[in-house]
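> The residues making up each chain are set out below.
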Amino acid sequence: MTTLLSPPRPSVSETERQRPRRPWSLSKTAVNGTLLLATAYTLLPLGWLVTASAKNTGDLIGGRALTPDRWNLGANLSALAEAGDGIYFRWYLNSLLYAGIGAVLCAFVCVCAGYAFHVYAFPGKEKVFGLVLLGVLVPTTALALPMYLLASELHLVNTFWAVFLPSLVNPFGVYLARVFCAGYVPGEVLEAARMDGAGELRTFWSIGLKMVMPGFVTVFLFQFTAIWNNFFLPLVMLSDNRLFPVSLGLYSWNAQTRAFPEYYPLVVIGSLLAVVPLVVAFVALQRHWKAGLTAGSVK
Amino acid sequence: MTTPTKGVRRSRYGAVGALLAPFLVLFTACTLIPIGYALYLSLYTERSSGLGFGGAETVFTGLSNYTRALGDEAFRAGFLTTAQYCLLYIPLMVGLSLLLALLLDSALARARRFFQLALFLPHAVPGIIAALIWMYLYTPGISPVISALDAVGSHPDLLGSPLPAVVNIALWEWTGYNMVIFYAALQAIPREVLEAAVVDGAGPLRTALNIKIPLIRASLTMVGLFTLIGSLQLFTEPMILHGVSPGVISTWTPNMYAYTAAFERGDYGLAAASSVLLALTAAALSFVVTRLGRGRAGKRTEVTG
Chain X
1 MTTLLSPPRP SVSETERQRP RRPWSLSKTA VNGTLLLATA YTLLPLGWLV TASAKNTGDL
61 IGGRALTPDR WNLGANLSAL AEAGDGIYFR WYLNSLLYAG IGAVLCAFVC VCAGYAFHVY
121 AFPGKEKVFG LVLLGVLVPT TALALPMYLL ASELHLVNTF WAVFLPSLVN PFGVYLARVF
181 CAGYVPGEVL EAARMDGAGE LRTFWSIGLK MVMPGFVTVF LFQFTAIWNN FFLPLVMLSD
241 NRLFPVSLGL YSWNAQTRAF PEYYPLVVIG SLLAVVPLVV AFVALQRHWK AGLTAGSVK
Chain C
1001 MTTPTKGVRR SRYGAVGALL APFLVLFTAC TLIPIGYALY LSLYTERSSG LGFGGAETVF
1061 TGLSNYTRAL GDEAFRAGFL TTAQYCLLYI PLMVGLSLLL ALLLDSALAR ARRFFQLALF
1121 LPHAVPGIIA ALIWMYLYTP GISPVISALD AVGSHPDLLG SPLPAVVNIA LWEWTGYNMV
1181 IFYAALQAIP REVLEAAVVD GAGPLRTALN IKIPLIRASL TMVGLFTLIG SLQLFTEPMI
1241 LHGVSPGVIS TWTPNMYAYT AAFERGDYGL AAASSVLLAL TAAALSFVVT RLGRGRAGKR
1301 TEVTG
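Taken in sequence, the protein lines are chains X and C. First residue of the first sequence: 1, per this note's numbering; consecutive thereafter. First residue of the second sequence: 1001, per this note's numbering; consecutive thereafter.
Honestly, the hints are just simulated from the structure, not real lab data. All of these numbers come straight from a predicted model, not from anything done at the bench.
A short, non-exhaustive set of chain C residues, derived as facing chain X with CB atoms under 10 Å: (1) THR1031; (2) LEU1039; (3) VAL1125; (4) ILE1142; (5) THR1175; (6) ALA1185; (7) LEU1232; (8) ALA1262.
Positions of the beta carbon are idealized from the N, C-alpha and C atoms, including for glycine.
Model the full structure from these sequences, guided by the hints.
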């Protein structure tokens, strides 16, 4: 319709020629320049962290630029290893345990639930799923205090489990897993498996789970990040610093920098090391986090 | 399709139960029960009896914890701070990430994969570390940013104005993340739609405003919703600035208020009541945002339909 009603248009080549003259028209330089500027904003603070990690206490606090002759990275690393009898690496190990095991189990639990929501029809299904979606909206920090009090009734406060168990729950992961199952698990394949006499759980284990593996990795990646980054829950639950994850350990060191400036380089290099595994994971698994954000956004 | 026999159906329900049970048990234990317990706690107050040696007794006090929280100037100030934070941060972040996504989606952008990764990378940095990095970058003496600004003659007091300082940290953490969401949604727009717009003579700006943005409204609503819920829970970043920036007091946000009430004053009833009020605010605002998103989408289909 519009093609009939609209006035005769200039030919494509004409519009092409006119385009650069329009005042709001975008030039290649402007577009890529803006993107570069934004990239500088996101990357420069990380660059500062890298150079700051190689400075000694005086140069760091004095804001002196890093020069090769004042390279202090090795000394900072050994100071980090010695501080509090190597407590930092204990925190690091704790974080790897909380986040590694927690994210694998969480992703598995989410994929099981997402698969059940996708494959089966059962009474009250959409109501239960709606409840799960509402769970996405609950501010997690509002849950931390009652969880702390419940955990103290159960004598779980200041234990590994107090931080580990709550991190297995991610309602958004169930939602993502359902979306992924809808995309990766065709009903016909499951029907064929049933015809062959495979049981329901066996079908899930040997066929469904394999097909939805990309979704599993995506949920794992996001949950790993969430647990690694979690600060509020460990802050509330833990008082024994041998159970701390890296985030809480760095926070406790940072609180000491006022009285003991030698903690400054420890906090900085500790932060750098704590960022490395996530940066590596996100660079290596680009396909997966992009898929996760797409699945979360389009539906 | 053959109708499943009774035995098959029973085994299917068994499978549903087995697959859903782990999540539902954990969800109940770590979400539903804590919500219920917070509601319960908020209705009781602990009173230490006598000299304090006999332990404390818990008394039902109805809504008095709520009136105490709402009557506390510090609590209301925390809500006001959060409101200001939301009004400054959410439009800035959504606008900036949408702009970057549109630029990246335009035909002129180069090195798309690199830009996507580089802009997303701050999301890989734990919030506590992001806050630490920026705290150092705000601190005179340590910060190269401040020395550079000093050199050109302006002497900003970055720690003196906590609100922009916290907004900047949040922008750094979340702009790239949400940019990727918008970019993914933009890429999902059918190419025919965009080609039709070009044929109709629409320039890149008009295509962006009249076609691309309306088509990714669902993503905008979702990002708005999650950003809002996240903003209401503001805690980590101001916790790091607390003590360095004189403006950030221990009750600067409602969450910090609840934390202080529980762990510095031991007033669990008050802490629970303020958490519940925060969660109710989140629920009410989420409802408004989803309604707004849906309402507009509904209007649009009416117009086109």
